[in-house]
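Chains as they are written, first to last, in numbering that gives the first Met the number 0: chain H, 0 to 425; chain Y, 0 to 425.
Just so you know, these hints were derived from the structure itself, not from any lab. Here a beta-carbon is modelled for each residue, glycine too, at the ideal position from N, C-alpha and C. It cannot be assumed that every hint is accurate.
Chain Y regions said to be covered by chain H (calculated; three or more residues, Cβ under 8 Å) [unchecked claim]:
(1) 73-85
(2) 314-326
(3) 339-345
(4) 399-410
Number of protein chains: 2
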Amino acid sequence: MILRGTVIWTPALGRAEVRERAYLVADGPTVRGVFDQLPADCADKPVTDYGDALIIPAFVDAHVHAPQFLNAGIGMDDELLPWLNRRTFPLEARFADPAFADRAYRAFLNALWEAGTLRFCAFATVHARATWHLMQLAESAGFSGLVGKVNMDRNAPEALTEDTAASLAQTEELALRARSELRNIGFIVTPRFVPSTTPALMEGLGALVEKHQLPVQSHVDENRGEVALVRELHPEARSYAHVYDDFGLMPTGRTVLAHAIWLTDPEVELLREKRVLVAHSPQSNANLTSGIMPARRWLSAGLSCAVASDLAAGSDACLARHAACAVQVSKLNQVSHAEETALHVPEALYLVTKGPGCFAGFAQPSGSFEPGFRADALVVGGERAAALDELLPRTPLERLERFLYAGDSRDICARYAAGALMERPF
Amino acid sequence: MILRGTVIWTPALGRAEVRERAYLVADGPTVRGVFDQLPADCADKPVTDYGDALIIPAFVDAHVHAPQFLNAGIGMDDELLPWLNRRTFPLEARFADPAFADRAYRAFLNALWEAGTLRFCAFATVHARATWHLMQLAESAGFSGLVGKVNMDRNAPEALTEDTAASLAQTEELALRARSELRNIGFIVTPRFVPSTTPALMEGLGALVEKHQLPVQSHVDENRGEVALVRELHPEARSYAHVYDDFGLMPTGRTVLAHAIWLTDPEVELLREKRVLVAHSPQSNANLTSGIMPARRWLSAGLSCAVASDLAAGSDACLARHAACAVQVSKLNQVSHAEETALHVPEALYLVTKGPGCFAGFAQPSGSFEPGFRADALVVGGERAAALDELLPRTPLERLERFLYAGDSRDICARYAAGALMERPF
Numbered sequence: 000m001i002l003r004g005t006v007i008w009t010p011a012l013g014r015a016e017v018r019e020r021a022y023l024v025a026d027g028p029t030v031r032g033v034f035d036q037l038p039a040d041c042a043d044k045p046v047t048d049y050g051d052a053l054i055i056p057a058f059v060d061a062h063v064h065a066p067q068f069l070n071a072g073i074g075m076d077d078e079l080l081p082w083l084n085r086r087t088f089p090l091e092a093r094f095a096d097p098a099f100a101d102r103a104y105r106a107f108l109n110a111l112w113e114a115g116t117l118r119f120c121a122f123a124t125v126h127a128r129a130t131w132h133l134m135q136l137a138e139s140a141g142f143s144g145l146v147g148k149v150n151m152d153r154n155a156p157e158a159l160t161e162d163t164a165a166s167l168a169q170t171e172e173l174a175l176r177a178r179s180e181l182r183n184i185g186f187i188v189t190p191r192f193v194p195s196t197t198p199a200l201m202e203g204l205g206a207l208v209e210k211h212q213l214p215v216q217s218h219v220d221e222n223r224g225e226v227a228l229v230r231e232l233h234p235e236a237r238s239y240a241h242v243y244d245d246f247g248l249m250p251t252g253r254t255v256l257a258h259a260i261w262l263t264d265p266e267v268e269l270l271r272e273k274r275v276l277v278a279h280s281p282q283s284n285a286n287l288t289s290g291i292m293p294a295r296r297w298l299s300a301g302l303s304c305a306v307a308s309d310l311a312a313g314s315d316a317c318l319a320r321h322a323a324c325a326v327q328v329s330k331l332n333q334v335s336h337a338e339e340t341a342l343h344v345p346e347a348l349y350l351v352t353k354g355p356g357c358f359a360g361f362a363q364p365s366g367s368f369e370p371g372f373r374a375d376a377l378v379v380g381g382e383r384a385a386a387l388d389e390l391l392p393r394t395p396l397e398r399l400e401r402f403l404y405a406g407d408s409r410d411i412c413a414r415y416a417a418g419a420l421m422e423r424p425f
Numbered sequence: 000m001i002l003r004g005t006v007i008w009t010p011a012l013g014r015a016e017v018r019e020r021a022y023l024v025a026d027g028p029t030v031r032g033v034f035d036q037l038p039a040d041c042a043d044k045p046v047t048d049y050g051d052a053l054i055i056p057a058f059v060d061a062h063v064h065a066p067q068f069l070n071a072g073i074g075m076d077d078e079l080l081p082w083l084n085r086r087t088f089p090l091e092a093r094f095a096d097p098a099f100a101d102r103a104y105r106a107f108l109n110a111l112w113e114a115g116t117l118r119f120c121a122f123a124t125v126h127a128r129a130t131w132h133l134m135q136l137a138e139s140a141g142f143s144g145l146v147g148k149v150n151m152d153r154n155a156p157e158a159l160t161e162d163t164a165a166s167l168a169q170t171e172e173l174a175l176r177a178r179s180e181l182r183n184i185g186f187i188v189t190p191r192f193v194p195s196t197t198p199a200l201m202e203g204l205g206a207l208v209e210k211h212q213l214p215v216q217s218h219v220d221e222n223r224g225e226v227a228l229v230r231e232l233h234p235e236a237r238s239y240a241h242v243y244d245d246f247g248l249m250p251t252g253r254t255v256l257a258h259a260i261w262l263t264d265p266e267v268e269l270l271r272e273k274r275v276l277v278a279h280s281p282q283s284n285a286n287l288t289s290g291i292m293p294a295r296r297w298l299s300a301g302l303s304c305a306v307a308s309d310l311a312a313g314s315d316a317c318l319a320r321h322a323a324c325a326v327q328v329s330k331l332n333q334v335s336h337a338e339e340t341a342l343h344v345p346e347a348l349y350l351v352t353k354g355p356g357c358f359a360g361f362a363q364p365s366g367s368f369e370p371g372f373r374a375d376a377l378v379v380g381g382e383r384a385a386a387l388d389e390l391l392p393r394t395p396l397e398r399l400e401r402f403l404y405a406g407d408s409r410d411i412c413a414r415y416a417a418g419a420l421m422e423r424p425f
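Isolated chain H (complex conformation):
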């Protein structure tokens, strides 16, 4: 793959590289680098020239609920518990039906493709069969990422409450099957969150994590009611986050935890030590009246962060808007916490590309154009942008910013996954 255009990527948080009229070169699925002149050995290779369109890393969604896509933008007047009971659980229960799951997961993957998200960490449902189907669909469509069968054996509606032993057996089976049959989609252990998993289930999952060196994803400190509930359920634990660690569910460098709004100091220290990837979903946190995660404070404390959609508590499929939303809520946070300076645009791009793309649970890093990264890229431009630029010329970073704030999938002209043009999957 050799693409020519205005190439932008963020090798570090807050640092954007911009190369105009440059070449992004991949050898097979892997980035070789970005070059101002075409390397000598590429002289006779075909170049796809996108003019001055932007070429950026494809988005990586570190926290998304695949079955909930159909609920995007629905039921937002409910608060967390009624929302789960009235909206989320009834929809997830339908994934017992393989035909429904097939149609819904195809629609989900089409939506991710359209939005430019080519890698993700997804929650499925408790259903092993539908989860395996999602993994196969995603693999065959050309995505990369991690998918987890959800584990729930307490505080859930009957249709979604699992037998503990069966939940563990199905989890291990899926993890092994994925490892032997799939290349680009891996399995991730996915206890829904502490309130819906018994100690016996968490202990068993922790043993699987250790035995097979698996990654883990879950939720932590999303809202204050939930934090109080966990304290009641686990008076023995030092904190909410420590419950996961106590049960072996926080493997170093291989854990994604969503939300992390209400972390205490010992929790911040724990997440830093364990190199947890914190998935920050600002739109979801507004929609569910959860609060604002203090992104600057956590970043300054040395936490690794990503900005994620959390569909369908987040209502947009496209991470461009979530990136902008992360900047917006960080500014609202700054109004009351002046010392916590707002995020800026190059940081926001990093948080939806390299930040999550380098999560060590993935086999190969993505989200940047450094050598060795998976060659996942979006071409951003097209007629709408060109018409505006003709009236008032813009710098590449201004065009990037406009895409994040005011663009949508109409502005994505092409998607490349692992060095190959990716067409709409289904």
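Following the hints, put chain Y in place on chain H, whose structure we already have.
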């Protein structure tokens, strides 16, 4: 005009009317009503049947800066003052060039049309010629609304600083010309805000307001630095808002004030008494680190409110997203002010339709389907929505909510202004 579909409108704040398979009937430009059975005298008239698509009132944007459309989504990492000086003023200065103004205003009106906003209160620039051109373009395209030439004679860059007498003369000339030559676009007196208008200018404008019974729009209490500056400039005034009133710039029922985040109790009382329409722009207020307007508190205190885009401090042209954003920030406000309950979806729809559409500065009300209202409507549906509904059927209010949160102009199938189908203007 007779349209058939799923008709939704909000006759009062918080109350949504839903009529499935109903007829929206207009006599000429004016709504007759919504009927379950076609009225007898319409039996031989053509009916446009949109199946189960939603038919809602077209959006009304109570606060938008027309020249800034080209800056939407650009420069958001700057704070208010650098943003004005680096982004806003240089762009506005270009409207001295009639050719540039013509192209930019056509692009702006196309964008509003695409976004389903068919009525607005717009700030233009200080340039009388370009302002008049915008008014003519908007009138000829079929929009209705109010447009103001901006007045600025202090604390502005040289290119935009007016001679006080000339500013007043041009303002009066435009107001009279609009009244005699235009039917659907009116003139609104538009001092930019207290810091950029001298007492002499405000006094002169107040006299014009009184003499010609004109409406007024401006900004108030947007951020704390600005409030402090106004206190310094006008130590004699009881508050920022009282400065406008002291100069006759708050005619009862004919005033729109944008932002109103940091109102004091006497200001709330003044705005209530004067029946000011408060234009709440939550996205702008996040982008410029201004804060969250306490919408529930102002509504409970009896203030009239609208949700507005404030382009280009707000980055989306489409009021659907601003409506959702108003709900979202009201939830963030509720996290720290539990007694101020969040807005909900029917309220949000009201705040972008009837709330602003009934501003008495407009000749005829719009934004609802009650008899006598201007027949401005959007048809919302299309393939994307139908594909989702096929997987999981939705109620009309769920489909409306999804459009506000996750839809965009692709979901608007048709636009009607004053009882007639409106095509892309330019």
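- Task: List in ascending order the numbers of the hints, as given earlier, that are violated by the structure.
- Result: Violated hints: none; all satisfied.
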